[in-house]
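Put together the whole structure using the sequences plus the hints.
For reference, the chains in residue letters:
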Amino acid sequence: MSARSYLVDVAQGRRRIRVFEAGGGRPLVFLHGAGGVTEDSPFLAALARRWRVFAPLLPGYGDSEGAEDLRDMLAVTLHSFDVVDALGLDRPILVGHSMGGMIAAEMASVAPREVERLGLIAPAGLWLDAHPVPDLFSKLPHELPAFLFHDPEFGERMLTAGADLDDPKFLEAFIIRNARQLAMAGKLLFPIPDRGLAERLYRIRARTMLVWGEGDRVIPPAHGDAFCGGIAGAELIRIPEAGHMVIIEQPEAVVAALARLG
Amino acid sequence: MRFVWFNLMPWPDLPEDFREKYRSVWVDIPSALYDPTRGHEVYNTYLDQLEFAETVGYDGLGVNEHHANAYGLMPSPCLMAAALARRTSRAALVVLGSSIALYDPPIRVAEEFAMLDVISGGRLVAGFPVGTSMDTNYAYGRVPGTLRERYAEAHALIRRAWAEDQPFVFNGRYTKLRYANCWPKPVQKPHPPIFIPGGGSVETYDFCIENNYNYSYLSFFGYLRGRRLMDNYWQRVAELGADDSPYRAGFAQSICVAETDAEAERLYGSHVSYFFNRCLHIYPGFVDAPGYRTVKTIQSEFLNQLTRPNLGAAASLSWGELVERGYIVAGSPETVRQRMEELIKTLRVGNIMCLIHMGDMPPEMTRYSTELFARKVMPHLRGIWKDYEADERFWICPLAERAIPAPIAAEAAR
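Residue numbers (the numbering used here), protein chains in the order written: chain L, 8 to 269; chain C, 252 to 665.
None of these hints come from the bench; they were simulated from the model. Please read these numbers as outputs of a predicted model, since none were measured by experiment. Where hints are given, some of them may not hold.
[To be verified] FRET-style restraints, in silico, Cβ to Cβ:
| no. | chain 1 | residue 1 | chain 2 | residue 2 | range |
| --- | --- | --- | --- | --- | --- |
| 1 | C | K272 | L | A266 | 45 to 55 angstroms |
| 2 | C | P418 | L | P228 | 49 to 59 angstroms |
| 3 | L | G203 | C | G492 | 47 to 57 angstroms |
| 4 | L | I244 | C | D482 | 19 to 29 angstroms |
| 5 | L | H149 | C | D268 | 52 to 62 angstroms |
| 6 | C | P418 | L | R98 | 45 to 55 angstroms |
| 7 | L | P49 | C | V420 | 53 to 63 angstroms |
| 8 | L | G95 | C | K427 | 36 to 46 angstroms |
| 9 | L | T45 | C | T296 | 52 to 62 angstroms |
| 10 | C | K272 | L | P159 | 17 to 27 angstroms |
| 11 | L | H149 | C | L284 | 50 to 60 angstroms |
[To be verified] Computed footprint of chain C on chain L; a stretch qualifies when at least three of its residues, placed anywhere within it, have a C-beta under 8 angstroms from a C-beta of chain C:
| no. | segment |
| --- | --- |
| 12 | 138-146 |
| 13 | 185-196 |
Heads up, the beta-carbon is just placed ideally off N, CA and C, and yes, glycines get one too.
Written out as structure tokens, the structure reads:
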């Protein structure tokens, strides 16, 4: 199943973003995490075997433009509704990973009647003093595989697509992409990924599935319980042998969990 | 030529195995390493040194702003300048804080700078740094991606607060003031000279050139490595059609003067090593939060430092290497004069921020080097830009008659 890739004008031409689309059936919008998502992502392919998947890139990611006008959580939340509108979708299943999960949860809190099915995969957005989220932004490139993945060697291969993390040329491209992406992500996540979501979670009406890698070192699994306790009727599924990048390490298990949304 | 005696105010008691035991001198260094009793002595010693520098002829006294930093113990540079305002009488107070994007509301900076300018009788040089990523993002929690927009707004507010004679409404994105009203206002008109410490982004060049602000490159890595950046700056000055007065620019240089080259190494070697190897031990992950710099200003030179082999190989530089590479200008007065002349002419700078106190250098030694530079080097460099002496745009314009602090009561009674 091959993905289509195209640009979409959003918010009456205020922003233009890249969208990957694949599969058929019920529409599902996937909101990516701080590291972005690629067209050939095995996770998108796994989702596409069950749903018609739309994966928009947030401005600052790939060739999506318009990041300068997105300064805070509300702007990004409304932008994401604008994307759903621009794609001509009506109440699609909303799934988000990490930062994308934070955005999806905000959307479901801000406009509870617009979001009926919600999949949150290791979402950011809460702060627990006993289970702090480490500082993602000061990590050096070579520290990322062990931080993000249950299996660091597998993680390094995934992050570099076989290139050498100590090759200055590769590193330069890697860091420039990171700088651009994380400049945007930082507006939601820096220095602490808490923009008040905890106060709004009670508004969520969607049928909600939470999915967490048991070995998540970025957002400790205890955050799963906190989300679960804050959202009426939410269900939490933990996935073994997976870190924060559970969508890459165990894509089929994540899709099976999300399938409970219907 | 103008010479500013600058003290970074480093903590002098970092342990010998600091590099091995701690990952950074900045941001996450435990404050358990700070001892307030010793700190009392250290602050007062450093202020003594700044005051001494005025007496031997330096044109300005420099202080700056850092946070959670063991080599820069001035979270509030205005406090240091206030202390200096009363015990000095002639030198410019060069405050290369305040990091205007860090103050809420930023009119606080307009007020504090105005106070300093009034107390000192118009001796303030007002610095408006963006601030490093360590200070602004990591220690002060500012979101990298909106820091520069916040800076631009703070700058607009401060300039307007100094210019207006009536309260005004300021409706910014980050600051909203129904009654923006700066009391007091600065002595110097239309405003004190403004210095911008820069690190090589094109936007900052343009900002300085268009506003007639001094652009000062505060590098610790010396004039040989600073050359490319300053060349780019002067090229931009030409492109924008501005005049090429050297007083548009400043450069910070570490300087060590002794009677002979050999004496310089013997006296200052260990203190210079303390500075470069302990004070500048900064965790690379804190240097550049993603979004702090625009993508186009990220240089591969910097990126190379982040590969694993380079991180491991951060070996100590020897005295010889530091001198040869121009990190420090050190030696006899004649050696120092030659290299400073080369620096001043090749970088085309009218202001030198003299970094003479190095690391854990004791006070007598600091005074010795400070005085030798003032008496035996400065006079030979004074006239380098004499064709531009009439350019008063980039320096203080104090009141002709300034108040002299009265003797304290006990002294007066004696």
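For each hint, the structure was consulted:
no.	hint	result
1	C:K272 / L:A266: 45 to 55 angstroms	holds, 51 angstroms
2	C:P418 / L:P228: 49 to 59 angstroms	holds, 54 angstroms
3	L:G203 / C:G492: 47 to 57 angstroms	holds, 49 angstroms
4	L:I244 / C:D482: 19 to 29 angstroms	violated, 59 angstroms
5	L:H149 / C:D268: 52 to 62 angstroms	violated, 24 angstroms
6	C:P418 / L:R98: 45 to 55 angstroms	holds, 50 angstroms
7	L:P49 / C:V420: 53 to 63 angstroms	holds, 55 angstroms
8	L:G95 / C:K427: 36 to 46 angstroms	holds, 38 angstroms
9	L:T45 / C:T296: 52 to 62 angstroms	holds, 57 angstroms
10	C:K272 / L:P159: 17 to 27 angstroms	holds, 26 angstroms
11	L:H149 / C:L284: 50 to 60 angstroms	violated, 28 angstroms
12	138-146	holds (count 3)
13	185-196	holds (count 10)
The structure shown violates the earlier hints numbered 4, 5 and 11.
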